[in-house]
Amino acid sequence: MDQEGIGMTIQPVVQGRNIVKHYGHVTAIDHADFDLFPGEVLAVIGDNGAGKSSIVKAICGAVQPDEGEIKIEGKPVRFHSPLDARDMGIEIVYQQLALSPALSIADNMFAGRELRKPGFMGTVFRQLDKKRMEEFARQKLTDLGLMTVQSINQAVETLSGGQRQGVAVARAAAFAKKFIIMDEPTAALGVKESRRVLELIQDVRAKGIPIILISHNMPHVFEVADRVHIHRLGKRHAVVDPKKISMSDAVAIMTGAMEPPPVEEQQLTPKAA
Amino acid sequence: MDQEGIGMTIQPVVQGRNIVKHYGHVTAIDHADFDLFPGEVLAVIGDNGAGKSSIVKAICGAVQPDEGEIKIEGKPVRFHSPLDARDMGIEIVYQQLALSPALSIADNMFAGRELRKPGFMGTVFRQLDKKRMEEFARQKLTDLGLMTVQSINQAVETLSGGQRQGVAVARAAAFAKKFIIMDEPTAALGVKESRRVLELIQDVRAKGIPIILISHNMPHVFEVADRVHIHRLGKRHAVVDPKKISMSDAVAIMTGAMEPPPVEEQQLTPKAA
Amino acid sequence: ESHGMATSACLITKTDTNPFFVKMKEGATAKAEELGIELKSFAGKVDGDHETQVQAIETCIADGAKGILLTASDTSSIVPAVQQARDAGILVIALDTPLNPIDSADATFATDNFLAGELIGKWAAAKLGDEAANAKIAMLDLGVSQPTVGVLRDQGFLQGFGIDLGDPNKWGDEEDERIVGNDVTAGNEEGGRKAMENLLAKDPMINVVYTINEPAAAGAYEALKSIGRENDVLIVSVDGGCPGVQNVADGVIGATSQQYPLLMASKGIEAIAAWAKDGVKPQPTEGKDFFDTGVSLVTDEPVDGVESISVAEGTERCWG
Amino acid sequence: MSETASKGQDYESSLSRATSSVAEFERRKGLVPKIRGALHSTPALVPLIVLVLSIVVFGILLGSKFFSPFALTLILQQVQIVGIVAAAQSLVILTAGIDLSVGAIMVLSSVVMGQFTFRYGIPAPVSILCGLACGTLMGFINGWLVAKVKLPPFIVTLGMWQIVLATNFLYSANETIRAQEIEAQAPLLQFFGTVIALGGARLTYGAIFMLLLFLFLAYMLNQTAWGRHVYAVGDDKESAELSGIEANKVLISVYMASGLICAFAGWALVGRIGSVSPTSGQLANIESITAVVIGGISLFGGRGAVMGSLFGALIVGVFTLGLRLLGADAQWTYLLIGVLIIGAVAVDQWIRKASA
Amino acid sequence: MSETASKGQDYESSLSRATSSVAEFERRKGLVPKIRGALHSTPALVPLIVLVLSIVVFGILLGSKFFSPFALTLILQQVQIVGIVAAAQSLVILTAGIDLSVGAIMVLSSVVMGQFTFRYGIPAPVSILCGLACGTLMGFINGWLVAKVKLPPFIVTLGMWQIVLATNFLYSANETIRAQEIEAQAPLLQFFGTVIALGGARLTYGAIFMLLLFLFLAYMLNQTAWGRHVYAVGDDKESAELSGIEANKVLISVYMASGLICAFAGWALVGRIGSVSPTSGQLANIESITAVVIGGISLFGGRGAVMGSLFGALIVGVFTLGLRLLGADAQWTYLLIGVLIIGAVAVDQWIRKASA
Ligand SMILES: Nc1ncnc2c1ncn2[C@@H]1O[C@H](COP(=O)(O)OP(=O)(O)OP(=O)(O)O)[C@@H](O)[C@H]1O
Ligand SMILES: Nc1ncnc2c1ncn2[C@@H]1O[C@H](COP(=O)(O)OP(=O)(O)OP(=O)(O)O)[C@@H](O)[C@H]1O
Ligand SMILES: [Mg+2]
Ligand SMILES: [Mg+2]
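Line by line, the protein sequences give chains Y, R, G, D and V.
Everything in the first sequence is counted per this note's numbering, starting at 2 for the first residue and increasing by one.
Everything in the second sequence is counted per this note's numbering, starting at 2 for the first residue and increasing by one.
Everything in the third sequence is counted per this note's numbering, starting at 75 for the first residue and increasing by one.
Everything in the fourth sequence is counted per this note's numbering, starting at 8 for the first residue and increasing by one.
Everything in the fifth sequence is counted per this note's numbering, starting at 8 for the first residue and increasing by one.
Only chain Y is shown next, with the shape it has when bound in the complex:
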């Protein structure tokens, strides 16, 4: 699937080719391709177990693929851990959230980039500025509509399912520079909270940061996505334009009820700028 012929000058932010990952007998990624372009919201949809989480983990270094190559902004990369990706400004909301259960909301939000007190206490004694971090965390959660969090010092393990997810989403949105991956960010969220996340996604895009959104919620996908990557049986099955295809056709392609459109009709690159 060459895309050089079409888009010409647009360089993808992420380009994955022929990625393969086996776990023992299990094939999680089966020669999959992947492209994310600047400034877009790319939705990834697919059945359970299609390999959506696996491929985004391969992109951000949380999983080491067996084969294939990944380029970030044209440069081949090989992340050995998600830290490498984070250092490049890539943030990810994992489906399993990746929070430290016994730590507080603020501790989780700032893990690895804590704020220190200004002045002497901060520089010499390296004291944390807990108050500032808590205020920030509280603010971010309130922005997401999670007003039922009663104490910002609660351990994450004592939060409700949706509150936890809110913490993870807020963290990624607050710190991303290059792009954000969100693996089913609204799965556990309520109606109001989901709506806020969709707004957040649009805000982030407005700042020019592209987003990969994995979701099973078709109305959400069709509302915010610029392109929809359909994953099936470990492969990229098709990429479609949500404005040109109906939800029901997309679902049909995703579940194998319908053949994907021919490659030339697919939306492998964004519309020429």
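These are calculated hints, taken from the structure and not from any lab test.
Any given hint could turn out to be false.
What the hints assert, rightly or not - Below, a sample of chain D positions facing chain G; criterion: calculated Cβ distance under 8 Å: (1) Q187; (2) R279; (3) Q289; (4) L328; (5) Y341.
Unchecked claim - List time: in silico BS3-like cross-link candidates among lysine-lysine, alpha-carbon distance up to 30 Å: (6) K256/D to K72/R; (7) K72/R to K360/V; (8) K179/Y to K256/V; (9) K208/Y to K272/Y; (10) K244/Y to K178/Y; (11) K299/G to K276/G; (12) K179/Y to K272/Y; (13) K256/D to K131/R; (14) K360/D to K256/V.
Only a predicted model underlies this, so the values are computations on that prediction, with no experimental measurement involved.
The beta carbon of each residue, even a glycine, is placed where N, CA and C say it ideally should be.
Fit chains R, G, D and V with the ligands to the known structure of chain Y by using the hints.
For chains R, G, D and V with the ligands alone, coordinates are given in the frame of chain Y:
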């Protein structure tokens, strides 16, 4: 909120009154009531952190309430652990799933009620009938449309988010006798798999087993529920009839944008039979 | 509480699991009861547990004891703690093991462990006669940390057997061909058996076995028995406890050096009683810098040139 | 609405046509994937490989001195006590616990067997039963405190270790019962010491018991419901309870089984050292934990195979004897065993990684 | 579609009117909830209560013999070595590890300090630095093996324990350097033994160092990013890594800190016993772990407060001295300490439960 005056003869399967649960400074359940009637699908909706999971956990003994009383079929009960509830035929799909990560799908499905080999090996040597359990598990997952599970001996921790949820749902549906509680059973499921779970809920109801369904997915709720229990700030805020109220009003009540209808207009008991 | 009235004394041993120290405690308790002294006993958890002994001394000071009987795990490190006790007016008597330097304690009631080893070494050499030159010797020691008693007995044995010691302060540095190897036993049957097996695997023709104590000897015997060599090997040991002496009678052990812990302990209590009463300190044995409670070789096969007592006599004087 | 629901959202209309075949991918073929598969499904294989490797290496270095039926069966004998105790320890560690009291229970049980016979003149078979019951009781107390009072296993068994050991010394008055007396009056106590000689190989009943015990436990853990529950409880106790496993019963049964096995170890100990000695077994806890961990069972519970512990114990046995035969002296052996323990587990880890 | 999206599903129309106030419930008032709150937010409070209770009980039983400045400061002195080591152990256990080599590292460091001064004639301050460096190096090796080679901490530190201890015996040739010599030639080695007498109270610099060390660690763990990372790594290493914490660096730093603290313990040990003795500290690992666990730190990592370990060590110290002064003899003391360890943790558990 007395309901004795209205329904007269229908005895609720579950009746909770004035349930309270504090965690340190946090109030999870704040004098909440709860009713489930025979043969119905009761949906519970509410914001994140409203206390939905907490109240169903209190009902099945996974959490010990500080105050309040719970009756099952008219008899006051005090479950000390979820085992007590299970012995009565109550099954629950926990929001956090409650699976043993390192064990296989079949092991998880049959935890605590394993099948033994027929004959001598089973009775004397108490050998497990692994083949039969695996077949059963495979069958249940296929029924749910989870056809991407490649090996039934995979440890649960290696399954995708949706596959895991499928295992928990299949387990509860297969073994329930009295009633089933499902805490966001479709949160991680794909379009096709969610649809199967909704069908499953209807099948279970058809067998006369009532179901408590917690969900943030309004279309789903309005599709399958007989009554909708709206939870807000730790309390039962209102109970409405999904056939008489619009989704948008239900959401408005749930989020505090609208006052709940007066008690007499609520659906505290099912329509007289 | 009744303190202040009765004189109180402390007994601090290395461990209280080794029968040797158990007997020592029995002797002290019996004598203390007889003289109306209140006795508290302390012990390390394992051999070499020095910290617990320091704590024990501190506790005795806090408790206002009149005297301390001490078998030190670490003979020089304990000295400052002992000094602290003596400064507090407590009579400190070293039992079994002299402190380093020996005058750090007010008195020492001890056996000469080196001599105990030397006796069995001489006996074994004499027993073998000319064959001693071709002996194959297994050395079953106490532990890798080489506690002093173990080193003294080991080196004494080698000296008695006529082997060059190298550094007399440690075992294992000897170069004599006759030594098949050293292994450690922790002073119990299990360790004795395993160590013996290891050395037998190295050289199945071992014919002399030195053991640190009688339990280790019993374990070594089991190992030999399992390959049918129990009758061609000479086992020697140190201690002289009743089961050990019985083992000499049964032919498990060829000879053992008997010590007298009960005697040490009761003498010690007497000395504390005297100190509490009149403030007199006990005197050492003539010509030695400690009060020697003696050691005798127990065997039913006496050899020329080594003084020994019979098993019957040994049984009469045995301690556990 | 309950009858023939209007099939949800309109975009779901195509669902009925969705394929319903199970996902299939081509299986990778060849030897390497096969080996990988075997390593994955049989966790005890890795320590077995390390064991075989170490036997081969020492065999090459030492020749027939080591690679003889005599030396190899000697290792089995030397390992039997630690091996039996490691079996007990494995069970406990699989439940995410730890049992520091194993050695103490073993010794007290053997003392009970001996003293009941010799002090009170009770017939040996009855005394042995009393000893086994005593071990089981200690195990029960451990299990009860862990499961019901919800104390950390480390603390419970640490406390029990001290209590049982002190009881042992107080009760036995540190008196050894001599091998010769036992042989004469109650040879049943030495039953496990009975030797079967086959050529140079010398197997004792104790060593055979150890092997059978491991096979039995492997069966129990893999083929019965109880075994699956042990894993589930160790994996995540809360989830296990929520999903309907009587976690407390499982825990208590595991600690009781551990106590009983330790009592058997006490009986085997009498067979091995001939006498009943209250000072034995002081290192049994650390040595058994070492065997279990080298055998690949996770200290965090729920992962690993009990056979691994047998191989773990044998690995340490092989190293110890091999090094002694190579002429390393006691202190150096001690040091090298430290190095080799780390090395063995590093190799284990490396094989696992290579096979992932 | 990217500009002014048509606000999703129609049922969401009312969302703009949803309340946006944060949930508020009336705070329960009164003493009991206040105490509960304090117990919740300060995990070290529970062992502190147990400690105070046990001091009071022994004080009542023993009167002024126990409840005197002399006896109480004596406990501090007796506990100092275990306390310092327990501080190191706490760090490691907070990362879900365990350090069995603490005692060995402590002793080897003190031997290095002593032998460098006396065998090679290096000035004492330099030797002390060498000793501290030696401890840190041992810690680094532990940490490197745990973090980079990904071996289980139990195995790594078990192996290191044997290696370091054997090295210690081989290097020191089991020779003690006597207190008198040290006093005469290198009194700096005994620095931590310096006594400050205040009335009957006798504090040593070592005991003061222990207290300061705990305060310092409590600050580091609670008030710095490093501390939060230690907790996060212990809580769930994988999540910590995924969320951007350099888990391996944190682990290595923790084991290095542990090694360094153990080396300080070695220095303090010289102060305490006066001499440099290669056979000391054999029980330091089990005693330090006991203190940590009694202090309420979870062996599974990530939960608990370092101050708890101090109280844990003191609880054991109080029991030991108290029982001894009550006249219990050694085996009975061990037995009772076993009972009391279990009891202390049961009380701790009970207080936690009551306050939940
Ligand atoms: N560590 C692992 N070991 C073995 N199999 C794995 C592992 N991780 C994932 N898999 C398998 O790989 C396949 C793809 O999983 P993945 O999590 O990527 O699916 P997904 O598309 O994200 O599904 P969902 O929508 O349910 O989250 C699944 O069949 C899963 O069972
Ligand atoms: N163990 C606990 N300790 C402290 N607070 C808790 C605990 N469990 C729940 N809570 C708090 O109780 C409140 C209700 O939580 P609950 O899980 O019942 O919410 P929920 O309605 O199920 O939310 P969601 O839709 O997000 O699952 C939340 O504010 C949560 O933070
Ligand atoms: Mg996924
Ligand atoms: Mg919930």
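Outcome of the hint check:
no.	hint	result
1	Q187	5 Å, holds
2	R279	7 Å, holds
3	Q289	7 Å, holds
4	L328	6 Å, holds
5	Y341	5 Å, holds
6	K256/D to K72/R	28 Å, holds
7	K72/R to K360/V	26 Å, holds
8	K179/Y to K256/V	25 Å, holds
9	K208/Y to K272/Y	19 Å, holds
10	K244/Y to K178/Y	28 Å, holds
11	K299/G to K276/G	17 Å, holds
12	K179/Y to K272/Y	21 Å, holds
13	K256/D to K131/R	23 Å, holds
14	K360/D to K256/V	21 Å, holds
Violated hints are absent here; each numbered hint is respected by the structure.
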